[in-house]
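2 protein chains.
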Amino acid sequence: MDFATSVLTATDPAQLTASEAAALIRSRQLSCEELVRACLARIDAREAAVRAWLWLDPAHVIRRARELDKLPPKGPLHGLPFGVKDIIDTADFPTTHNSPIYDGMQVGRDAACVGVVRGSGALILGKTDTVEFASGGRKALTRNPYNPAHTPGGSSSGSGAAVGDFQVPLAFGTQTGGSHIRPASFNGIYGHKPSWNVVSREGVRMSSMTLDTVGWYGRSVDDLILVGTAFRIPEDKTPVTVKGLRVGLCRSPAWHAIEPAGELALATAAKRLADAGAIVEDLELPEPFNRLHDAHADIVNAEGRASFLPEYINAYDILAPDLKAKVENARGTTPEKLLASYALADRCRPLFDALFGPALDVILTPSAPGEAPEGLHTTGNAIFNSMWTLLHVPTVGIPCCFGARGLPVGVTLAGPQLSDARLLGIAKALAPVIDTDPKAGLDRLWG
Amino acid sequence: MDFATSVLTATDPAQLTASEAAALIRSRQLSCEELVRACLARIDAREAAVRAWLWLDPAHVIRRARELDKLPPKGPLHGLPFGVKDIIDTADFPTTHNSPIYDGMQVGRDAACVGVVRGSGALILGKTDTVEFASGGRKALTRNPYNPAHTPGGSSSGSGAAVGDFQVPLAFGTQTGGSHIRPASFNGIYGHKPSWNVVSREGVRMSSMTLDTVGWYGRSVDDLILVGTAFRIPEDKTPVTVKGLRVGLCRSPAWHAIEPAGELALATAAKRLADAGAIVEDLELPEPFNRLHDAHADIVNAEGRASFLPEYINAYDILAPDLKAKVENARGTTPEKLLASYALADRCRPLFDALFGPALDVILTPSAPGEAPEGLHTTGNAIFNSMWTLLHVPTVGIPCCFGARGLPVGVTLAGPQLSDARLLGIAKALAPVIDTDPKAGLDRLWG
Chain A
18 MDFATSVLTA TDPAQLTASE AAALIRSRQL SCEELVRACL ARIDAREAAV
68 RAWLWLDPAH VIRRARELDK LPPKGPLHGL PFGVKDIIDT ADFPTTHNSP
118 IYDGMQVGRD AACVGVVRGS GALILGKTDT VEFASGGRKA LTRNPYNPAH
168 TPGGSSSGSG AAVGDFQVPL AFGTQTGGSH IRPASFNGIY GHKPSWNVVS
218 REGVRMSSMT LDTVGWYGRS VDDLILVGTA FRIPEDKTPV TVKGLRVGLC
268 RSPAWHAIEP AGELALATAA KRLADAGAIV EDLELPEPFN RLHDAHADIV
318 NAEGRASFLP EYINAYDILA PDLKAKVENA RGTTPEKLLA SYALADRCRP
368 LFDALFGPAL DVILTPSAPG EAPEGLHTTG NAIFNSMWTL LHVPTVGIPC
418 CFGARGLPVG VTLAGPQLSD ARLLGIAKAL APVIDTDPKA GLDRLWG
Chain B
18 MDFATSVLTA TDPAQLTASE AAALIRSRQL SCEELVRACL ARIDAREAAV
68 RAWLWLDPAH VIRRARELDK LPPKGPLHGL PFGVKDIIDT ADFPTTHNSP
118 IYDGMQVGRD AACVGVVRGS GALILGKTDT VEFASGGRKA LTRNPYNPAH
168 TPGGSSSGSG AAVGDFQVPL AFGTQTGGSH IRPASFNGIY GHKPSWNVVS
218 REGVRMSSMT LDTVGWYGRS VDDLILVGTA FRIPEDKTPV TVKGLRVGLC
268 RSPAWHAIEP AGELALATAA KRLADAGAIV EDLELPEPFN RLHDAHADIV
318 NAEGRASFLP EYINAYDILA PDLKAKVENA RGTTPEKLLA SYALADRCRP
368 LFDALFGPAL DVILTPSAPG EAPEGLHTTG NAIFNSMWTL LHVPTVGIPC
418 CFGARGLPVG VTLAGPQLSD ARLLGIAKAL APVIDTDPKA GLDRLWG
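So the sequences go chain by chain: A and B. Residue 280 in the working numbering sits at position 263 of the first sequence, and the numbers go up by one each step. Residue 172 in the working numbering sits at position 155 of the second sequence, and the numbers go up by one each step.
Hints in this document: simulated from the structure, not taken from any laboratory. Incorrect hints may have been included.
[Claimed, not checked] No more than 25 Å apart at the CA atoms, straight line, and that leaves these computed lysine to any residue pairs for SDA-like:
(1) Lys354/B with Lys91/A
(2) Lys254/A with Gly423/B
(3) Lys341/A with Ser436/B
(4) Lys91/B with Ile118/A
(5) Lys91/B with Asn346/A
(6) Lys354/A with Thr255/B
(7) Lys91/A with Ile330/B
(8) Lys254/A with Glu353/B
(9) Lys156/A with Leu361/A
(10) Lys87/A with Arg68/B
(11) Lys354/B with Ser436/A
(12) Lys91/A with Asp120/B
(13) Lys254/A with Pro352/B
(14) Lys91/A with Ala332/B
(15) Lys354/A with Asp253/B
(16) Lys354/B with Asn331/A
(17) Lys341/B with Met226/B
(18) Lys91/B with Asn331/A
[To be verified] Each pair of labels, with its calculated beta carbon distance range:
(19) Gly349/A with Thr258/B: 26 to 32 Å
(20) Pro305/A with Asp29/B: 55 to 61 Å
(21) Gly92/B with Leu372/A: 37 to 43 Å
(22) Trp463/A with Ala347/B: 36 to 42 Å
(23) Ala457/A with Asp334/B: 19 to 25 Å
(24) Thr351/A with Thr351/B: 46 to 52 Å
(25) Thr258/B with Ala357/A: 28 to 34 Å
(26) Asp334/B with Ser44/A: 25 to 31 Å
(27) Thr246/B with Arg155/A: 26 to 32 Å
(28) Ala347/B with Pro117/A: 42 to 48 Å
[To be verified] Just a few of them, taken from the derived set where beta-carbon distance is under 8 Å, the chain B residues facing chain A:
(29) Thr34
(30) Gly132
(31) Val216
(32) Met223
(33) Asn331
(34) Asp363
(35) Leu435
Here a beta-carbon is modelled for each residue, glycine too, at the ideal position from N, C-alpha and C.
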């Protein structure tokens with residue numbers, strides 16, 4: 018019995034990672050229809066509890082899966098179901114931004130990122146719930162698959178929970194503060210937030226021109242690399258030896274916000290890496306980095322002014338108060354303050370990139386303060402993510418361990434701007450060291 | 018006979034500036050329907066020669082005008098016809114980007130900028146022709162209204178020509194290199210390219226995240242200010258005295274490309290300002306500014322890679338070769354080179370802003386090398402515009418004179434980042450000095 022058959026007989030196809038499923042589809046041991054039916058069955062069993070999806074049309078996607086089964090492979094993602102955060106346009110489903118202002122809106126044109134994965138063979142499975150406009154207003158109804166009393170994080174709530182809960186192998190999220198990597202941590206999955214501008218934001222609801230970034234979730238680094246190849250982030254096959262690798266342990270200027278589970282995850286990852294021979298050393302960022310979190314807040318608020326002006330004018334009565342506050346510049350950010358915040362980020366970016374070289378290969382840093390908070394009134398704190406978003410650097414979220422409440426906690430790897438391929442290569446080498454129990458999610462959620 | 022009546026009896030409503038028409042509509046001396054019918058009649062008479070429009074539905078816009086006539090004023094632009102460059106989404110018309118890939122595409126959702134002006138009462142008149150994706154590939158079919166053998170400039174070809182030819186009082190253009198201010202010069206009209214991020218680019222086809230900017234055309238500074246108020250750029254009523262105003266005459270690092278007509282326009286504007294008492298002094302930009310034009314080329318090419326990847330994957334056979342070249346990085350821009358180009362711009366922006374103060378109120382600089390070139394195979398050279406786009410500073414294009422071939426030539430005013438309101442206030446004071454014959458276009462094109 019070969020690997021593929023053993024995998025298939027042992028597991029429900031919904032449990033496969035995207036890369037495992039892709040290999041089976043390529044060798045015709047698994048059909049696109051079988052895979053999507055397995056995902057739909059998992060959703061059917063779990064949607065009432067997890068509520069990850071805003072739009073799902075099973076008959077439609079089964080038809081599309083059959084169509085894909087008739088075609089030669091279109092690309093690296095052939096037949097892989099892909100969830101799409103509902104601030105991202107899709108030709109065949111509505112895009113509501115989880116806002117009553119856009120209830121039922123269907124634009125009939127794919128966002129650039131959707132066009133890329135669809136053109137690479139992916140099967141767009143449906144739209145996932147999100148914080149309204151990925152920015153404020155309404156929260157998603159989605160619950161943490163590990164404990165429905167807890168948030169899955171946000172704003173990419175539905176995408177994070179759906180991938181974590183084995184409902185779909187891949188999904189798009191976005192990050193303006195910490196909307197992508199934080200849910201990766203809270204749902205026990207892998208996530209890649211690419212460098213700024215590596216992925217087009219065409220057709221993705223804008224909140225902040227300087228910060229909005231499209232990313233994707235998977236259940237292994239191989240999954241992240243696979244999606245990356247569709248975006249022309251080539252797989253970097255340069256060998257990475259963990260022994261001797263220089264890892265900068267960056268508690269970050271946000272360390273005051275750390276909780277026991279976050280501290281545990283960072284210490285655990287650091288110890289596992291050191292035990293495997295990596296040279297893990299504390300990394301203190303220079304002084305100006307301490308002010309990046311405030312600069313981020315200035316920028317996201319000031320740029321929201323233009324972003325939400327159309328709704329302010331055309332749908333004032335149903336626009337959320339926190340989004341109205343952005344248009345009204347309730348924070349009172351002056352042009353001088355905004356320009357100083359831009360200038361600070363502009364100054365820090367090359368400083369950050371220059372840290373890397375013989376003395377530093379990769380940074381290890383928290384993904385979130387700790388476990389997912391209880392309740393759906395919050396999606397957690399983005400304080401450990403916003404600096405990386407503003408620096409425009411690539412980050413990869415990796416699951417690490419579980420906290421005292423039984424919820425997953427991850428850590429983040431970061432590299433210099435535009436080093437996405439290299440960072441994913443390093444992440445591939447480090448993931449087995451950090452994520453020592455990759456079947457933990459399956460055991461806990463499927464069992 | 019009051020002003021309004023005298024204006025109306027003397028002129029076809031299509032000849033009115035937007036601000037003149039707005040005043041008459043407010044006082045119920047002109048109906049929205051009368052105004053739009055006058056525009057449609059002008060288009061009817063001229064479209065075969067000028068070919069500014071890609072989509073026009075006269076019956077639809079007349080119905081909407083009647084609807085506006087029944088409503089109380091919705092905002093500062095109530096009833097004003099507005100042309101929209103066809104890379105900008107409109108709910109009620111197709112958006113094709115002048116690309117065969119998007120032939121007939123209609124998304125049913127307004128771009129943010131369209132939502133703002135529609136919500137402020139504007140009547141979206143139709144879609145104007147453009148260079149494909151405002152980036153490469155096919156040119157517009159539009160001709161220069163002053164001489165159909167010449168280009169109207171581009172990529173905002175149809176918007177520039179339609180406003181210049183009195184077919185519509187206002188229109189949106191966009192600028193990534195010189196696509197907005199150059200056509201303003203070639204068509205003898207006013208144009209405002211706002212500071213980066215003052216106007217949301219949601220729903221505007223992306224080419225370069227760092228550079229793309231939405232702007233608008235009108236036939237007076239008052240028109241530009243009027244549209245600005247809809248975008249919450251408040252009218253700056255601080256008095257501006259031309260006498261003693263410090264004007265920096267900036268030939269710019271692109272001066273080697275100047276032609277006689279461009280030199281004439283800049284010298285004429287400078288002399289008129291000096292004669293009116295302004296203190297016009299040569300302004301030499303510091304050394305790093307000489308490299309901004311190359312940095313611009315690196316950025317626009319490198320960022321085009323992500324922007325056109327979806328079409329490269331999904332419509333390879335009909336994607337234009339120059340856009341394929343961007344995806345393939347034919348220019349060979351390395352990540353290091355791209356980051357150095359970003360860093361150069363980041364460094365120059367505060368340097369530029371710091372020039373302003375007691376010693377400098379505004380910069381006067383060319384809008385284009387000279388008159389609009391002959392032929393439709395080119396839209397002219399963006400070399401005098403690209404630096405300002407990359408610096409993210411506001412610019413205002415003002416008509417100045419006519420060249421030897423009888424085509425209009427304008428000049429550009431520039432100010433520091435986010436000084437849009439102040440720059441428009443200065444432009445309002447300087448325009449009567451620079452543009453001494455504001456009826457020249459009417460005499461030449463209508464007569």
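Review point. Is Lys254/A within 25 Å of Pro352/B, Cα to Cα?
Key: Status holds; Cα separation ~18 Å.
Review point. Going by Cβ atoms only, is Asp363/B closer than 8 Å to chain A?
Key: holds (4 Å)
Point to revise | Consistency of beta-carbon spacing, Thr258/B to Gly349/A, with hint 26 to 32 Å | key: Holds - the Cβ-Cβ distance for Gly349/A and Thr258/B, about 31 Å, lies within 26 to 32 Å.
Review point. Do the alpha carbons of Lys91/B and Ile118/A lie within 25 Å of each other, as the hint requires?
Key: holds (19 Å)
Practice item. Against chain A, run the beta carbon of Val216/B and see if the smallest gap drops under 8 Å. Key: holds (6 Å)
Review point. Taking only the CA atoms, is the gap from Lys91/A to Ala332/B under or equal to 25 Å?
Key: holds (13 Å)
Review point. Quick one, are Lys354/B and Lys91/A close enough, alpha carbons at most 25 Å?
Key: Measuring from Cα to Cα gives roughly 33 Å; hence the hint is violated.
**Study point:** Agreement of Lys91/A and Asp120/B with the hint, judged by alpha carbon distance not exceeding 25 Å
**Key:** Cα-Cα ~24 Å, so holds.
Review point. Falls inside 46 to 52 Å, the C-beta gap from Thr351/A to Thr351/B?
Key: Because 38 Å falls outside the window, the suggested range is violated.
Review point. Is the hint on Thr34/B kept, meaning its closest Cβ partner in chain A is under 8 Å away?
Key: violated (23 Å)
Point to revise | Minimum beta-carbon distance criterion (8 Å), Leu435/B to chain A | key: holds (4 Å)
Check your understanding: Can the suggested window of 25 to 31 Å be confirmed for the beta-carbon pair Asp334/B and Ser44/A?
Key -> The hint (25 to 31 Å, Cβ to Cβ) holds, given that Asp334/B and Ser44/A are roughly 30 Å apart.
Hint check: violations occur at hints 1, 2, 9, 10, 16, 21, 22, 23, 24, 29; the rest are consistent with the structure.
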